[in-house]
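Colleague: So you can see what is in the structure, the chains are spelled out below.
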Amino acid sequence: DIQMTQSPASLSASLGETVTIECRASEDIYNGLAWYQQKPGKSPQLLIYNANSLHTGVPSRFSGSGSGTQYSLKINSLQSEDVASYFCQQYYDYPWTFGGGTKLELK
Amino acid sequence: QVQLKESGPGLVQPSQTLSLTCTVSGFSLTSYNVHWVRQPTGKGLEWMGVIWTGGSTDYNSALKSRLSISRDTSKSQVFLKMNSLQTEDIATYYCAREDGGSAYYFDYWGQGVMVTVSS
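Protein chains in written order, with the working numbering: chain B, 2 to 108; chain R, 1094 to 1212.
Simulated from the structure, these hints should not be mistaken for lab results.
Model, not experiment: these values are computed from the prediction.
For every residue, glycine included, the Cβ atom is placed at its ideal position computed from N, Cα and C.
Careful: at least some of the hints might be erroneous.
[As the list claims (entries may be wrong)] As a list, the in silico BS3-like pairs of lysine-lysine whose alpha-carbon atoms are at most 27 angstroms apart:
id, chain 1, residue 1, chain 2, residue 2
1, R, K1136, B, K43
2, R, K1136, B, K75
3, B, K104, B, K40
[To be verified] Far from chain B, some chain R residues (derived; all Cβ distances over 12 angstroms):
id, residue
4, S1100
5, P1102
6, L1111
7, T1114
8, V1130
9, G1203
10, S1212
[Unchecked claim] Some chain B residues near chain R, calculated using beta-carbon distances under 10 angstroms:
id, residue
11, T19
12, P60
13, S64
14, G67
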């Protein structure tokens, strides 16, 4: 199985700050990567797919980048509603696997 | 609009079978694949299995011996059955729709159902 390692596990940032979350795959996943946001007590919501494509309705302050085994999610101008956990998921190879998550809090 | 909703007992006794239903609306099970994903409280997500539009299934090898996914297209329902439940199966269980196309990410999720294993 492809292992997905996310970092950091937790992150504290100020409003208006730019935040970057990393996801490393144990092998090349050829941009088969999605990012999800999960607010407390809620189900995950798709943010990014194909490593860098913004899902419909997602604010443009979210962006994804990367290739090969290294991927990142960037949040520009952090807003209070961005407080959540973020997960990456590889779907290049079966079984589909997720990163351990990054919990984003406000400083 | 697209909706998925999980239902089922929140409490299962050890060694018993978990049965969950995912009722979908706004799309057809013959046009979109539906997956099950679970999440232990405060932890990460684990993909469990999928029922494809044609009705065939695939499972996470870690759960394959205990897991069964089926559907009733006339009722727009997908079923999950997992036997021999133990405390490590305590989690919130989600059904999720796979985005239409050939990429296996999930564009809609149900609200989840929390399952506890206890006598």
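Colleague: Are the hints correct? Go through all of them and say.
Modeller: Hints and how they fare:
no. : hint               : result
1   : R:K1136 with B:K43 : 14 angstroms, holds
2   : R:K1136 with B:K75 : 22 angstroms, holds
3   : B:K104 with B:K40  : 10 angstroms, holds
4   : S1100              : 14 angstroms, holds
5   : P1102              : 19 angstroms, holds
6   : L1111              : 19 angstroms, holds
7   : T1114              : 16 angstroms, holds
8   : V1130              : 8 angstroms, violated
9   : G1203              : 6 angstroms, violated
10  : S1212              : 27 angstroms, holds
11  : T19                : 25 angstroms, violated
12  : P60                : 17 angstroms, violated
13  : S64                : 17 angstroms, violated
14  : G67                : 15 angstroms, violated
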